[in-house]
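Undergrad: Since chain A is already given, all that's left is putting chain B on it; use the hints.
Chains as they are written, first to last, in our numbering: chain A, 1 to 199; chain B, 1 to 199.
By construction, these hints were calculated from the structure, which means they are not laboratory data.
Do not rely on the hints blindly, as some may be mistaken.
[To be verified] Calculated cross-link-like contacts (lysine-lysine; reagent style DSS-like; alpha-carbon spacing at most 27 Å):
| hint | chain 1 | residue 1 | chain 2 | residue 2 |
| --- | --- | --- | --- | --- |
| 1 | A | 12 | A | 23 |
| 2 | A | 12 | B | 12 |
| 3 | B | 165 | B | 129 |
| 4 | B | 120 | B | 165 |
| 5 | A | 23 | B | 23 |
| 6 | A | 129 | A | 165 |
| 7 | A | 23 | B | 12 |
| 8 | B | 23 | B | 12 |
| 9 | A | 120 | A | 165 |
| 10 | B | 23 | A | 12 |
[Claimed, not checked] Some chain A residues well away from chain B (every beta-carbon gap over 12 Å; in silico):
| hint | residue |
| --- | --- |
| 11 | 4 |
| 12 | 148 |
| 13 | 149 |
| 14 | 163 |
| 15 | 177 |
| 16 | 179 |
| 17 | 197 |
[Said to hold, decoys possible] Ranges of calculated distance between the beta carbons of each label pair, as one might list FRET restraints:
| hint | chain 1 | residue 1 | chain 2 | residue 2 | range |
| --- | --- | --- | --- | --- | --- |
| 18 | B | 189 | A | 116 | 49 to 57 Å |
| 19 | B | 52 | A | 95 | 36 to 44 Å |
| 20 | B | 117 | A | 116 | 42 to 50 Å |
| 21 | A | 153 | B | 34 | 21 to 29 Å |
| 22 | B | 132 | A | 38 | 32 to 40 Å |
| 23 | B | 93 | A | 181 | 39 to 47 Å |
| 24 | A | 38 | B | 145 | 26 to 34 Å |
| 25 | A | 95 | B | 170 | 55 to 63 Å |
| 26 | B | 93 | A | 172 | 49 to 57 Å |
| 27 | B | 153 | A | 172 | 53 to 61 Å |
| 28 | A | 153 | B | 117 | 49 to 57 Å |
| 29 | B | 157 | A | 175 | 56 to 64 Å |
| 30 | A | 35 | B | 92 | 14 to 22 Å |
| 31 | B | 34 | A | 182 | 31 to 39 Å |
We put the beta carbon where it would ideally sit given N, CA and C, even for glycine.
Number of protein chains: 2
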Amino acid sequence: MNTPSSLEELIKALRCLPGVGPKSAQRMAYHLLQRDRQGALHLARSLDQAVSSVRHCSKCNNFSEEDVCPMCRSQRRETDMLCVVEMPADLLMMEQAQCYRGMYFVLMGRLSPLDGLGAKDLPLERLLKRARELSCEVILATNFTIEGEATAHYLATLLRAQGLKVSRIARGLPVGGELEHVDSGTLAQAVLERRTVTE
Amino acid sequence: MNTPSSLEELIKALRCLPGVGPKSAQRMAYHLLQRDRQGALHLARSLDQAVSSVRHCSKCNNFSEEDVCPMCRSQRRETDMLCVVEMPADLLMMEQAQCYRGMYFVLMGRLSPLDGLGAKDLPLERLLKRARELSCEVILATNFTIEGEATAHYLATLLRAQGLKVSRIARGLPVGGELEHVDSGTLAQAVLERRTVTE
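Bound-form chain A, shown alone:
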């Protein structure tokens, strides 16, 4: 009887956000109602707007408001490489690094059996279709986590079976990295994947 039902409902609804438990949801609801009702209404509008207008680009699977996103439509991108990343944030990082001018494919996930995400939850048909369409080198840029590595391995098998050239971004010491402070797994991999030094 101490908490109004619409407040209780809001606290419950906030739990749909990842990483938000009962205590944070309560704190968020109190904050919005007490200090930021404008923000709450704006958030409600933005949720509606995003849900109704954001879908997936039919080429790269990234979030997009159009059938084909501006990047896939762009004439200034090279079409001889297709870079596969897990999430849109990874694509943004790649773009910030300014090291790549090719096309992308965003998986919107990874193989993660513990979270109940298997191969059927990834848009593999569409990735294969896009790779065949471009008939180019596919660069696997999934994370170097256990899940990311498993995903890369799975995709490599699938793509090579189509006769496509598949590569994986390099693992090694980071720029500015010191041997003393790097983890031994990374160091071992850097030694294993050493490159011949030419003049």
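TA: Chain B only, in chain A's frame:
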């Protein structure tokens, strides 16, 4: 050009939630759009509903959907004590402890100069009015943080000037607490505020 504008807007809007920075906002937006669009729409509805129907009880200042909340209307509460707490969550804790059957007043905040919250941001007029109306003992149950203590001190001065009896909940070792593991500030206070043991 890589992030649709309504997605960018949603990421920005999520930042109104306390404790949510740019990275979490992005993760939340991706999660909602990729895995829980139903949850997103439900959250939007709940925000609208709560903002339009939740206001403050005119007696205790707690969140309420009516002018006077069920607790203040209840015939089963004693009216000879008024307990002042900072937030609705504190009131819920008091009720769970089942140690108190009197009335409440919820400050919806505390004196916190660092967050720009001063006496003018607390509903002091309404607290004084309510205390005079009940003409009862006022129990200050703000937190034992620096801000909570400052708030209690400020309120005590204000309320005593009205000729009201003011008390503060006790500080000391928690139930089950061991001297070896308690912090020295609490221990010092427990010694200072020791009680005479009667037969």
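Undergrad: Against each hint, give a clear statement of whether it holds in the structure.
TA: Quick rundown of the hints versus the structure:
| no. | hint | in the structure |
| --- | --- | --- |
| 1 | 12(A) x 23(A) | 11 Å, holds |
| 2 | 12(A) x 12(B) | 22 Å, holds |
| 3 | 165(B) x 129(B) | 15 Å, holds |
| 4 | 120(B) x 165(B) | 23 Å, holds |
| 5 | 23(A) x 23(B) | 20 Å, holds |
| 6 | 129(A) x 165(A) | 15 Å, holds |
| 7 | 23(A) x 12(B) | 23 Å, holds |
| 8 | 23(B) x 12(B) | 11 Å, holds |
| 9 | 120(A) x 165(A) | 23 Å, holds |
| 10 | 23(B) x 12(A) | 23 Å, holds |
| 11 | 4 | 4 Å, violated |
| 12 | 148 | 16 Å, holds |
| 13 | 149 | 21 Å, holds |
| 14 | 163 | 30 Å, holds |
| 15 | 177 | 23 Å, holds |
| 16 | 179 | 30 Å, holds |
| 17 | 197 | 36 Å, holds |
| 18 | 189(B) x 116(A): 49 to 57 Å | 51 Å, holds |
| 19 | 52(B) x 95(A): 36 to 44 Å | 41 Å, holds |
| 20 | 117(B) x 116(A): 42 to 50 Å | 44 Å, holds |
| 21 | 153(A) x 34(B): 21 to 29 Å | 23 Å, holds |
| 22 | 132(B) x 38(A): 32 to 40 Å | 34 Å, holds |
| 23 | 93(B) x 181(A): 39 to 47 Å | 45 Å, holds |
| 24 | 38(A) x 145(B): 26 to 34 Å | 28 Å, holds |
| 25 | 95(A) x 170(B): 55 to 63 Å | 59 Å, holds |
| 26 | 93(B) x 172(A): 49 to 57 Å | 53 Å, holds |
| 27 | 153(B) x 172(A): 53 to 61 Å | 59 Å, holds |
| 28 | 153(A) x 117(B): 49 to 57 Å | 54 Å, holds |
| 29 | 157(B) x 175(A): 56 to 64 Å | 60 Å, holds |
| 30 | 35(A) x 92(B): 14 to 22 Å | 20 Å, holds |
| 31 | 34(B) x 182(A): 31 to 39 Å | 33 Å, holds |
The structure is inconsistent with hint 11 alone, although it conforms to all the rest.
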